[in-house]
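Participant: Two chains, two frames, some hints: make the complex.
So the protein sequences, as listed, match chains A and B. Everything in the first sequence is counted per my numbering, starting at 1 for the first residue and increasing by one. Everything in the second sequence is counted per my numbering, starting at 479 for the first residue and increasing by one.
There is no bait here: all hints are sound.
Calculated lysine to aspartate or glutamate pairs in the EDC-like style (CA-CA distance at most 16 Å, straight line):
(1) Lys457/A <-> Asp503/B
(2) Lys298/A <-> Asp106/A
(3) Lys15/A <-> Glu297/A
(4) Lys363/A <-> Asp294/A
(5) Lys194/A <-> Asp29/A
(6) Lys529/B <-> Asp450/A
(7) Lys514/B <-> Asp528/B
(8) Lys514/B <-> Asp634/B
(9) Lys506/B <-> Glu456/A
(10) Lys507/B <-> Asp649/B
(11) Lys515/B <-> Glu632/B
(12) Lys515/B <-> Asp639/B
(13) Lys514/B <-> Asp639/B
(14) Lys221/A <-> Asp528/B
(15) Lys515/B <-> Asp634/B
(16) Lys506/B <-> Asp528/B
(17) Lys363/A <-> Glu297/A
(18) Lys514/B <-> Glu632/B
(19) Lys15/A <-> Glu289/A
(20) Lys535/B <-> Glu220/A
(21) Lys515/B <-> Asp528/B
(22) Lys648/B <-> Asp503/B
(23) Lys194/A <-> Glu617/B
(24) Lys506/B <-> Asp649/B
(25) Lys21/A <-> Asp624/B
(26) Lys330/A <-> Glu317/A
(27) Lys620/B <-> Glu656/B
(28) Lys199/A <-> Glu617/B
(29) Lys507/B <-> Glu456/A
(30) Lys362/A <-> Asp294/A
(31) Lys15/A <-> Glu288/A
(32) Lys21/A <-> Glu289/A
(33) Lys529/B <-> Glu220/A
(34) Lys457/A <-> Asp649/B
(35) Lys537/B <-> Glu220/A
(36) Lys642/B <-> Glu632/B
(37) Lys21/A <-> Asp625/B
(38) Lys464/A <-> Asp450/A
(39) Lys15/A <-> Asp106/A
The hints are simulated quantities; they were obtained by calculation from the structure and are not laboratory data.
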Amino acid sequence: MSKTYEYVPEPALVKGNHDFKSLTALITDINMRPTPKGWYIAFGISNILLFVLLFSIGYLIWEGTGIWGLNAPAGWGWAIINFVWWVGIGHAGTLISAILFLFRQDWRTAINRFAEAMTIFAVMCAGIFPAIHVGRIWVIYWVFPIPNQMAMWPNFNSPLLWDVFAVSTYFTVSLLFWYVGLVPDLATIRDRIKSKIGKVLYGTFALGWRGSNRHWWNYEKSYMILAGLATPLVLSVHTIVSFDFAVSLIPGWHTTIFPPYFVAGAVFSGFAMVLTLMIIVRKIYGLEEIMTVDHIEKMNIIIMVTGSMVGFAYLMEFFVAWYSGVEYEKAIFILRATGPYAWAYWIMITCNVISPQVFWSKKLRRNVAFTFFISIVVNIGMWFERFVIAVTSLSTDFLPSSWGYYSPTFWDVITYVGTFGLFFTFFLLFLRFLPMVAVAEIKAILPQADPHNYDEKGEFNPPKVEIPEPVKDSEQKG
Amino acid sequence: MSKSTVENNMYGILAEFRNPKELVDAAKKINQNGFKKYDTFSPFPIHGIDKAMNLPKSKLGWIVISHGLVGLIGSFAMIYFMMVADYPLNISGKTLLNIPAWIPVIFELTVLLSAFGAVFGMFFLNGLPKFNHPLFNSENFKKATDDGFFVCIESDDPQFDTEKVQTLLKDAGGTNIEEIYDN
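Chain B on its own, in the form it takes in the complex (with noise of 0.2 Å):
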């Protein structure tokens, strides 16, 4: 990383791609250039990209289970606990751990924390809400959510250099290349 870009405060280059193929390609290259601290933005998933980024397997699978097994197990303690420990209720010497009749209610706390976990996981593997951004800066990103589709080198990325980026991004095909300042 150049001196200049941490004086300037860059974030980033960011490069306009016409279609999902040249950004899959795009992204191809990028990676095989051995940078890490790049993203693609695009208006819906794009199918092949995980590939092309050399993306991790999401971690959301793992949130989701944990959050599955306190809503099963803690709801089961909680029946536990109302039905037997704290207020038993003989219905006619019926027995006090009845687990069949738990199993609705059970199931639908296991399903509740599952969910929140999916949503709220998400969300927080994705650094969301986050309500401001350097790309927010520029105008052209406006269309990422409409038909734009772009990619960002990063200026943390340790092979970092602002000619060599945009070099690299214009034989990629990209256009409308600019420089993103957090400021």
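Next comes chain A alone, as it looks inside the complex (with noise of 0.2 Å):
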């Protein structure tokens, strides 16, 4: 058999002929530089929704649940389906900063800030959700264990509490670990800012952060264990979330698929969210040397990988059913792809099952107007994977009789709207104030970094790329 072999070296991570001090630059600049004119209207805009966002929760407070659309059957809807749909968006973030981390994943080092800053905002917005919906929201406290008037304790055998504590948990950790790789980039910061508040809060911030190689040592150490922590950490919250659905007695929601393809979609809509975001983000401020098409090649295999995995988990839900032999759990399955709500069924098999499949594609994942467009697609398709699992197994059990068909009101609608004006003004405070690209952490993966490729009297040489001889066919026999 004769074949002809090529071999592909690995592409450099960061492109461009950088060293320390370019990418120092390049990245801390843009937090030094004034505030450009286009920023303020986008935070503009962000403010204006989010205090659409307070407006319909002070309503909500003052009027009741009876505002949004639920009612019997369906006592969950918009609520839960954007609580879920914006925590499995902060899973990418994790992923990308501990579990490609645990993997030795160099290339994670140009967006793992980014997206770990996408991971807290989300979670903020989600944490609303299950914060308001409870009706009386003045005794939000009574989730957790603290001493009441009644003398009674949070029900532990319930998985809305585990909720409590896994969202709660996450968002503490992920918020630690986004801090932890701050503390460095926010003392290169302290170092170069010119303004005297700015020293003054950078270097507070930075608590005192020299560099120091014995201070790296214990550093990295306790980065390698947060994401060790982190890891089972992401996997453990969505399973939790799925719980709140597979622990009761629905049918299409008392199944044991529901953790890994919570997982596999959170993931899935997580990593659509990175690009959408980096994709703009990475053309305005010029970061295309560090958040290459390498990287967003990258992504969409994962966005591939993991939509398969989702359309796997609606095959087998299906088969599930019919091999269960469950009247109930056959009948619901049927209705959600031919029943009332057919249409968001279909919306969410195009989206989620189909339009990842065009990655197989080489030019297409390395299309970047493209990978934008299908990152906004996949994440319309997560939030009606959540619509078609909250809604459809409510409104259709059991009983014909109570059967109802759920819609949603206005001030679900602008509730929803408004979490986007709090996620983009956090984001965009973020954007502004704070290193958008782990500084420290991409400038020990340029080869530079590396004290091996320097020769003996100290400068550098570059390694070189080694090309394996093909495998001849004698010695694969042999």
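Facilitator: What follows is the structure, given as structure tokens:
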């Protein structure tokens, strides 16, 4: 068998002719330049949406959950859908920062800071919904094990309480992980910024970091342990979110496939959201040499893989419903595809199962504009997935006499739209004031950072790509 | 330690090196010369410098596991107290000691406490936050968070001798050698 082999070397992680100094300047100058006009416009729009959110929450507290479209039989609607959607988006950030770190995927350094910020703000948006949906928000502290006037404790056997612990732990750990990563970069800005106020503020949050290698030694250990902790944590969080459904007895919810299926869906939608934001930001801030097309391609492959996992889970649900022999279980899956919510179901299938399959084509994987389009399609699809799960099972369950059609109200819609205001308000503040690429980490992956890439005299000697000889047929047999 | 350095309040002598490789070599050399109180500074962690500086294993793992165990045992004890001892709720005669259902919360609190240990333990071991430091008196040292690689031999070291240290640093390839004062 004769075949011509072509060796494809690993592409450089940072494009362009960058050294340590130019990378520092490229990233941190963004924070030290005067604020661009476009930023104020975007921030203004986000603020308006944020006020929409605050107003709709205020009205909800004043008037009660009756302003939403919830009623028998659908007692769960947009609030839970939005909660699961936002939490799911957040998971990509932890995947990039923790799981890819443990797998030594050095390309993650270009996007991890960015994705972690997205995680934190997405979890904030998510956390709003379970908090405000309780009706009597002034006794929300009952979900925490705090002594109260009834001398009762929260029920630790309840999946909804597990959710409280899972999401609040997830938020806290993500925030700590993000901050630990930020400390050396805040020190970089502290040492470069000219303004007095900036020096004090960045200096305070940099905690006096001075790049000591005795410190880096503990720091790296801490970072690795945090990555090791965040990995099972992120898997547990969406598992527990899926328990909200799976531990109940409603047809279409009571399935063991939910935890892995929810986690795959979360990573799928989260990567899409990272791409949506990243494609805009790399263009505006001129970071194309750091967030390269190679990164986009790698992320698209992850979208394709997780999208296929989600598609497989949809098929498996159908199979298990048939195989279980339970009438209600079978009925709900047929109703999803053909019943009153068939439109939502087929939007979901088109966006989540079909659309990511286009990334088998290398050309489309590397097409930035097309990727942007698909990333939005995927996020729409994942919203509809949660809609299909939450709404169909409730509105058409055991007794046909109590079936009903669920529609959201105006307040459902504007609360959801308002969460984008919250998300982008924080995200824009992040882009303005914090280094959006992990400066210290990205320097460490440059070839100049490795002491082995220097010769005896201490001159930089870039590593030569060794092209391996193709394995000969005779060797393979022997 | 000579008398004059104490009077002068000298913190140590700082030298700059060109790149990670030279920093690692310098650290090796200083370590071989028997210095104990010195440190190297770089904008990012350098592969292999722990060996060159002969750093002992980080104690952080022990801090994290002790926090994790407190989280594990503490959360179990808390739930046991609330669900079994203090306010038992009889739900259709089901067992009160329902451990499988408690696993999610116990797991989350174990992770939470371990993460606190990992973050605050790291800052504790590093002696941070520490908002001022004699090294911040050096204008050149600002490069340590950008593209500078530094070594500082501290005057606390029993072998410290201004001239000896200066020659050592110069021989190792150090430039911009300056004396750092604590004032």
